[in-house]
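A.B. asks: Spelled out, the chains give:
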Amino acid sequence: MSHAATTNELHASSSHTDSEPPLMAHGSVLQLGIPNGKIAIWLFLGSEVMFFTGLIGAYIVLRFGQPAGNWPQPHLTLNVPLTAVNTFLLICSSVTLVWGLQSIQAGQRAKGNWGLFLTTLLGAVFVGVQAYEYYELWIHRGLTASTNIFGSCFYAMTGFHGLHVFLGVIAMAVVTLMGLAGKFDTKHYAAVELTGLYWHFVDLVWIILFAIVYLM
Amino acid sequence: MSQKDHHIPLWGLFLALLVLTTAEVVLFEVWSRNQWLMPKYAMVLLLLLFTLPKAVIVLTYFMHLKFERQLIVFLAMAPFVMVFVAVLPILTDIVTLKDQSYNQVPGLREFVPSTEHSQGDGHEDSLSQDPSDDEPYH
Numbered sequence: 024m025s026h027a028a029t030t031n032e033l034h035a036s037s038s039h040t041d042s043e044p045p046l047m048a049h050g051s052v053l054q055l056g057i058p059n060g061k062i063a064i065w066l067f068l069g070s071e072v073m074f075f076t077g078l079i080g081a082y083i084v085l086r087f088g089q090p091a092g093n094w095p096q097p098h099l100t101l102n103v104p105l106t107a108v109n110t111f112l113l114i115c116s117s118v119t120l121v122w123g124l125q126s127i128q129a130g131q132r133a134k135g136n137w138g139l140f141l142t143t144l145l146g147a148v149f150v151g152v153q154a155y156e157y158y159e160l161w162i163h164r165g166l167t168a169s170t171n172i173f174g175s176c177f178y179a180m181t182g183f184h185g186l187h188v189f190l191g192v193i194a195m196a197v198v199t200l201m202g203l204a205g206k207f208d209t210k211h212y213a214a215v216e217l218t219g220l221y222w223h224f225v226d227l228v229w230i231i232l233f234a235i236v237y238l239m
Numbered sequence: 058m059s060q061k062d063h064h065i066p067l068w069g070l071f072l073a074l075l076v077l078t079t080a081e082v083v084l085f086e087v088w089s090r091n092q093w094l095m096p097k098y099a100m101v102l103l104l105l106l107f108t109l110p111k112a113v114i115v116l117t118y119f120m121h122l123k124f125e126r127q128l129i130v131f132l133a134m135a136p137f138v139m140v141f142v143a144v145l146p147i148l149t150d151i152v153t154l155k156d157q158s159y160n161q162v163p164g165l166r167e168f169v170p171s172t173e174h175s176q177g178d179g180h181e182d183s184l185s186q187d188p189s190d191d192e193p194y195h
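Sequence order for the protein chains is A and F.
Read in the numbering used here, the first sequence has 184 at position 161, and its numbers run on one by one without any break.
Read in the numbering used here, the second sequence has 107 at position 50, and its numbers run on one by one without any break.
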């Protein structure tokens, strides 16, 4: 079966009123009955899982493969209390996002916009605190990416995560502006939900990274 | 299926995440100052007991996996299985690395922290060349 034929069949199916799944808040829905956007974001997140697990797997091998005393202890090297507060901020941002989405779904647009704005703000603060942490480590503590294998692992893992948060902040800022422009209501909130999935994933990755890098 | 179809106990979950994060940090801070309390592997296992529920809460409720169709659950879980299979073989390198002297691992020699001041002076794990610079920054 050719690609063109498959595509035509899908379009034909989606225009058939008897078998057509209801049009959901995420836009078009094909035969699976699941919004295209949701499938796409989960496939993307699947690739992200493998990306971060590769980094974490390498760290675990290097970390636990060293004899005792050859690996920096986190409480002597890293600022654990500051990062714990930062972790708390990121968790709060996930909560404000869910609160915002629930408000939009309930028709409370103003509350929804506040939720989106707070999520963006908390994400930006997280990135700012991480930048401060990097500054202290790199300039004052002398830990660079090439100082030792710990430095390489630390900056690779937290750096790629920070990049994801930074991109997430940009996405959340766009979604917030869309909210302020009145783009979302009780039936149209796909952008919030899909961006939210990405945001929660970034939060999930940090929960794991924080435990592995800062506490173990 | 959207989040609108299911109630999420948002503030209860928030409280659970807050408590678990605090418990993690308290456990680590207490253990790092009193390492005689328990061996490191026991502390790591305890930390996992606090971390895993947090991850599950985010995955099942915030990412709504608990209420999703089976296809989405499959899409979400498949990478974890694939990654586990892929990473499992390299985990055996932990044993290989431990069997060798750290300084003899090819490619790592130049990154080994200075061991000149690590012979019983209490600064074994510092990255800094200056022992006076071992205090965490605040």
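Be careful, since some hints might not be right.
[As the list claims (entries may be wrong)] Only pairs whose alpha carbons sit at most 25 Å apart, straight line, appear in this in silico SDA-like list of lysine to any residue:
1. F:K97 / A:L144
2. F:K123 / F:F141
3. F:K97 / A:I162
[Stated by the list, open to error] Distance ranges between label pairs, derived from CB positions:
4. F:L103 / A:D208: 42 to 48 Å
5. A:A91 / F:R126: 46 to 52 Å
6. A:Y155 / F:F137: 29 to 35 Å
7. F:V142 / A:P90: 53 to 59 Å
8. A:G56 / F:A80: 19 to 25 Å
9. F:V113 / A:A204: 31 to 37 Å
Think of the hints as simulated: they come from the structure by calculation, not from any bench.
Don't be surprised by glycine CBs; every beta carbon is placed ideally from N, CA and C.
A.B. asks: Now tell me if each hint is right for this structure.
C.D. replies: Hint-by-hint comparison with the structure:
1. F:K97 / A:L144: 37 Å, violated
2. F:K123 / F:F141: 22 Å, holds
3. F:K97 / A:I162: 31 Å, violated
4. F:L103 / A:D208: 42 to 48 Å: With Cβ atoms ~46 Å apart, the hint holds.
5. A:A91 / F:R126: 46 to 52 Å: 48 Å, holds
6. A:Y155 / F:F137: 29 to 35 Å: 33 Å, holds
7. F:V142 / A:P90: 53 to 59 Å: 29 Å, violated
8. A:G56 / F:A80: 19 to 25 Å: Roughly 41 Å apart at Cβ, these two residues miss the hinted range, so it is violated.
9. F:V113 / A:A204: 31 to 37 Å: 36 Å, holds
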